[in-house]
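K.L.:
Here is what each chain is made of, one letter per residue.
There are 6 protein chains.
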Amino acid sequence: MSVVVRNAARADVELVEGFRQLGVATIHEALGRTGLLARRLRPIYRPAHVAGTALTCEVPPGDNWMLHVAVEVARPGDVLVVAPTSASSTGYFGELLAASLRAHGVAGLVIDAGVRDLAELTEMRFPVWSSAISAQGTVKETLGNVQTPIVCAGQPVRPGDIVVADDDGVVVVARTEAAEVLERAHARSREEAGKRKRLADGELGLDMYWMRERLAQRGLRYIDAAEQ
Amino acid sequence: MSVVVRNAARADVELVEGFRQLGVATIHEALGRTGLLARRLRPIYRPAHVAGTALTCEVPPGDNWMLHVAVEVARPGDVLVVAPTSASSTGYFGELLAASLRAHGVAGLVIDAGVRDLAELTEMRFPVWSSAISAQGTVKETLGNVQTPIVCAGQPVRPGDIVVADDDGVVVVARTEAAEVLERAHARSREEAGKRKRLADGELGLDMYWMRERLAQRGLRYIDAAEQ
Amino acid sequence: MSVVVRNAARADVELVEGFRQLGVATIHEALGRTGLLARRLRPIYRPAHVAGTALTCEVPPGDNWMLHVAVEVARPGDVLVVAPTSASSTGYFGELLAASLRAHGVAGLVIDAGVRDLAELTEMRFPVWSSAISAQGTVKETLGNVQTPIVCAGQPVRPGDIVVADDDGVVVVARTEAAEVLERAHARSREEAGKRKRLADGELGLDMYWMRERLAQRGLRYIDAAEQ
Amino acid sequence: MSVVVRNAARADVELVEGFRQLGVATIHEALGRTGLLARRLRPIYRPAHVAGTALTCEVPPGDNWMLHVAVEVARPGDVLVVAPTSASSTGYFGELLAASLRAHGVAGLVIDAGVRDLAELTEMRFPVWSSAISAQGTVKETLGNVQTPIVCAGQPVRPGDIVVADDDGVVVVARTEAAEVLERAHARSREEAGKRKRLADGELGLDMYWMRERLAQRGLRYIDAAEQ
Amino acid sequence: MSVVVRNAARADVELVEGFRQLGVATIHEALGRTGLLARRLRPIYRPAHVAGTALTCEVPPGDNWMLHVAVEVARPGDVLVVAPTSASSTGYFGELLAASLRAHGVAGLVIDAGVRDLAELTEMRFPVWSSAISAQGTVKETLGNVQTPIVCAGQPVRPGDIVVADDDGVVVVARTEAAEVLERAHARSREEAGKRKRLADGELGLDMYWMRERLAQRGLRYIDAAEQ
Amino acid sequence: MSVVVRNAARADVELVEGFRQLGVATIHEALGRTGLLARRLRPIYRPAHVAGTALTCEVPPGDNWMLHVAVEVARPGDVLVVAPTSASSTGYFGELLAASLRAHGVAGLVIDAGVRDLAELTEMRFPVWSSAISAQGTVKETLGNVQTPIVCAGQPVRPGDIVVADDDGVVVVARTEAAEVLERAHARSREEAGKRKRLADGELGLDMYWMRERLAQRGLRYIDAAEQ
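Residue numbers (my numbering), protein chains in the order written: chain A, 18 to 245; chain B, 18 to 245; chain C, 18 to 245; chain D, 18 to 245; chain E, 18 to 245; chain F, 18 to 245.
What the hints contain is simulated information worked out from the structure, not anything from laboratory work. Some clues are possibly wrong.
Which copy is meant is left open, so a pair is good if it fits within one copy or across any two.
[Unchecked claim] Simulated pairs of lysine to any residue, SDA-like, Cα-Cα distance not exceeding 20 angstroms:
no., residue 1, residue 2
1, K157, E140
2, K157, R59
3, K212, G154
4, K157, R231
5, K157, E208
6, K212, P64
7, K214, R57
8, K214, D241
9, K157, S19
Note that the structure is a prediction, hence the values are computed from the model and not measured.
Chain A extracted, bound-state conformation (with noise of 0.2 angstroms):
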C-alpha cells in the first residue's frame, strides 16, 4: 500500500531560519547528542549548508518512480530526503530532477542512495548530500511512498521535521521540539564563541574547564622527559 500525504505540516519558518544560522555539530549537541544521520551521507560540493522542512520519500532499491511524485507536493522550504526500503548506491537524482525541485522552491536533497549530474549539480550550486556517486540509471517500475515517517541513514524522520545539513553531515530536529532546541544551540553558539576567543589567545582548556584536579582524581601522572 503505498500512499502520498497531502498538506503535511510544515515548519515554522522562522524556526527554520533560526536553524540555518548554525552547524551541524551544535545542533547535534543541543539535541543531546541525538538526530544525526549516519556519516556515510556527503555533500557532493563543500562549502554546502542548507535547513529546511523535511519532505520524505521512501523508494524501492533502483528505483525513482516516488521522486517525480514527491515534486508535487513540494513547498518552498522544503528539503527533500530520501531512503531506499534497501541499500542501493544506484544514481537515483540528476539535473533534470534538480531543476524541477528547484522550481518548486525546494531548497537541497538528503538520499541515502546515489546521485549523477555532479558537475551540473555543482555549477547549478543544488545542494545535495547522498552516500553514493554513479553514474548507472534507475528503473520507474515499483511504487514507495511520500510524506510518512522513514528511517534515512538509520534516523528517524517525518514529515515536517526541521533538517540541517553542513559540510559535517545531516541533523534532523523534531519539529515538536524545535523551538526549545533551537535556544539551547543558540546559547551553545554563544558560549563557544566566547570560547574560542578565550582559547585563540592562548587560555589552556584545562584551566578554562577547570579539569586540572578532575585528571588528577582519575590518576593523571606527569612525568619529565630527562627522568624515563
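Following the hints, position chains B, C, D, E and F against chain A.
P.N.:
Coordinates of chains B, C, D, E and F only, in the frame set by chain A:
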C-alpha cells in the same frame, strides 16, 4: 606470456570529439545502461572530463613496470586504461609518468588501483580516475600486457574502444558501435535539454512523462494529512 | 596508568624545514618504503602540506579528554598525532581545539579517527588528516597518554619523530635518522627533476631507465595488431 | 533524559510461536518487503533461528551500562534488541550477560555493534546477531534508554514488536500487524511448499509462473549458438 | 536487446572431472595467475567444492527474472554464473530456484550478488558462492541475457568455460585452453605432493627451493640477538 | 637493509601455558584494554585457540619470500606473526608452508594479509588468523625482516612477546610484563566464574555490581508503560 600489441586501431577522431561533448550518464543511458566501470573509480580533482581511445594495460598487483612499456605505443588522443590482475591500492602512477604520457599526447588515465603525486597532477591538470590514493610505491619485477583486451573495474575494455570519464564515473563504448551510440546519446541530450527547460519552468514530471495513469493503476493513493 | 611526558626532545628546526620542501611519496621512497601511515588518513581540504615534530596522544575510543591535556605540552612547530586505542570514527576535534592548538603554535593534526567543523577548519586553513568526518561528539571520561610512543594508522610514532603530510598521505621519520633520510630524499628529488624534464621532452622511460634488455629477458614479446 | 519503561506490552505468545516456524525471507515478503534490518547483522553461529518480543535498548557508543539495566525489565520470551546512538564495533556483550539474560528467559540478542566470548556463546547456544566481533570492552559511564522506540540497523523497532532472526538476517513485525502478517506468511509458506515440489520434479518456473508471454512482450529473443 | 543463446557448447566431461580433483589455488597457478574471480565471492558453507561448465546469466540490479529463463537452457553438469550489470547485494536466489536447478542437473551457483535461504541451501548441500547474504527479495521487471559472454566479479566468463570453486574462491578456465591447463595443474599438484612430504619431514624451503644464494645476493643479513 | 635475528629470547614456557587457559577478552582486560590487534584478523575455522611466543616477520606487499626464511629460525611453541609493509590481501600462506611450520613446532599463524588452502588448513587443524582469504599467489622478489619489532594489525609486536588468539581475536603481551599480566588475568577469570554463577542463578548485575545508586545519580528515570 606477456605481449605488447603495436599499431592497434584507434577510434575515429570525430567520434571521440563528439563523445567529449557528452556526459557519462547520458552515454551510459544511450548504451542501454551498459559499459559503466565500477563506481570506485573517482576523479582526483573536479570538475574533470575526458574522452579518448583506450590504450589498455594489464599489470600485476603492486608492479607498474608495464606502464613504461605502454608509453612507447601510445598515440595522441589515447586514454591509458590500467587494470591489475588482482586488487591493488598501491600508487602505480605519479607526476613523472604523467609528464611522459602528456609528452606523447595521452589525454588522461583510468586505473583500478592507486595513484600518487596528487598535488602535482592536479596542478598539471592531468585528469586521472583511480580507485585509491596512496604514496606507496610499486616494484618493477613482473610483466603484464599492453593493448590486449582487459577487464577494468568490472567492464571489458578492448584496445580502440572509446573511453569517456567525468565527475560521475567512467564509461566505455565499443569502437564498432560508437557511431550509433553517439547518435543516440546526442538525441537523448537534445531531448533532455528540452525537458530541463520545461521542468525549470515548473512543469511536473508527472505530467511531462504522462505518469499519472500508470501510478494510479499500480495503486498509488493520495490522502490528506488532516485525514490521517 | 596514564602519563604525560613533559619536555620531550623536538626534531631539529632546520631538518623539519628541509622536509617541508618535499612530498610524502619522495620521503617514503627515501625511507626504503617504510614509515607510511595507512591511506585511510585523508586531508580535509586540498592542497595541504605540513611538516613538524610529532606530539603524540593516545586516546580511548570516543573520548577526547586527552587532547586538552596535550595542548599544554605543545610547542611551536609540533604536529599533533592522535591514535585511539581501538577504532573510532567519532568527531574528536573541531574549531575550538584548532584555535587552541594554533595559539600554541601547533602546525596541524593527524588523527586516526573523526573530526568535525570542516567548514571552519577549512576557512582557518588549519590542516587536518583524519580517517573520518563526523559531527558526533566525544565524552571526557577516560584517561590516555601524551608524548608516549604510539601506533597511529599502522605506524609506530614516537614523540620527536618528524611527521610530513600532503595530499598523498602521511609519513613519519625517526628523529635519529632524519638527517640521513633528508639527504637521500633531496637527492632523489633532484634526480626526479632531471628525469621529469627528459620525460616531458618525450624521452621514453624504457630508454631512460635502460629497461629494454631486462624486459626482453623476462620474455616480453611485441606483435603487430595486423598479425593477430 | 534517559528512561526505562516498565511493563511494556508483549506480543501474543501464540503469534510468536507461529513466527518461529517461518523463515525471515518469507516473513519479509509477507510484510511487503519491509521490516528487514541491515544485512551487516550476522549470526555468530549457524544454523540459528529465534523469534520473540523486542526488548529495546539504546546505548551510547562504546558503553554497555544500559544492558544491565535492561535485564531487570526482561521477561521470558523477549529478544534483546540493542542499538548504539552512533556506529560502534566495540564488544558490548559476552558470556556473563548471556548467562544473566538466559536466567531471565531472554531468547536471544540482536545488536548493531560488537560482541565477544564467541566460543562460550556458541557452546551455550545463546543465539546472537551482531554487526561486529570484537574482544574490545566497553565502559559504563553514560546512560541510554530501555523499552523506548529505537532504530536498529536501519529499521524502527518498538517495544513489543515481534523480532525473528535466522541465517538470512533479522526482521521486525509491528505488534499490531502481527496476526495479519503471520497469516499471509503462512499462506506464502504453504504455497512455496507446493512450488518447491513442482520445481524439484523438473517443472520450469517459466511455465509454473506463466512468464513466457510477458518475456516475449518485453522483447526476449532466443537464438541458437550455431547461428551466432 | 536481450538474448538467450541455446545449445552453447559445453566443456568436455572428462576435463571437468579432472578439474574437480584440483583446488582453485592450484588451477589459478597453472593459468599463470589469471582467471580468479574477486575474493568477495565466498561459499555459503564450508567445505564446498564444485567444477562444471559455465552457464552464464547477466541480470539487472535487484531483478532475478532471467534466472528462471536460464533454467530452461541448463544441462547436467552446468554451474550457473550470474553477474548483475551494476553492483547489487539483493537476495536473487533461494531454495526454490535451487530445487529447480538441481532438478535440471546444475551442480552449483556462482553469483556476484546476494542469496537467501541459507539454512535450506546448506541442508540441501547445494553449493553457492556469493558476494552477499540478504533476505531482501528481487523484482521481475527487466530483461537480461543468458549464455552470452559476461564479466563476473572482475573476470570475463564465456558460456562453456570451466568454472571451479572451493573454499579459497572461484576460478574460470577458457574451454579452448582447458586440456593444457589441466595437464599443468596436475603436474603442479603432483610436484606439490612431493614437496609437502619433504617439508612435513622438516626439510627447509630455503634448501628445497635453493633460495639461500639469491637471498644473500639481494643483501639479506643474519645477526644474533646477543649482538644487537 | 633486511635482517634475520637469530636466537631471539622466547617467552617462558609455563607462562605461555598459563595464557593458553585464558580467553583473549580476559587477557585484554588484564592488560588495561591494550594489546588487541585489529578485529579484521579472523580465525579461518572455529573454535580455534592458540598461545605462543611471537616469531615476527615483516613482508613486502604481495611477496611471501621471507616466510621461508622465518621457518629456519622458528622454535617449538612459536606463533608466526606476519605484517606486510603496506596493506595486502594476497594469499601468502597455504598448506605447504603450514606443513613446514608444523614440522618445526610452530603452533599457529597470525597474518595481516591473505591465506589460501583453507580446506587443507582446516583439515590439518593448523590454526590461522588472517585479514583475508585469497587464492591469489605471491611473488618471491623482495626482502623483508625476521625477528625484528613490527606493527601487525595496528599493534606493536616484538620477538618474544606472547601472542594469544581465539574466536574473539588476537592479543599480544610484552614478555617483560607477562607474569604480572597472567596473574591479573587469572584473578579476573576466577572472579568472573563466581559472577557467572550468580548471574546464571538470576541475580541482577544491577545488584551484583552495585549500580543502582550511580544510575540514579546520573538521572535514570523509571516510568510505567501505562503512564506514557
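K.L.:
Which constraints among the numbered hints does this structure fail? Numbers only, ascending.
P.N.:
Per hint list: 1, 2, 6, 7 and 8 violated.
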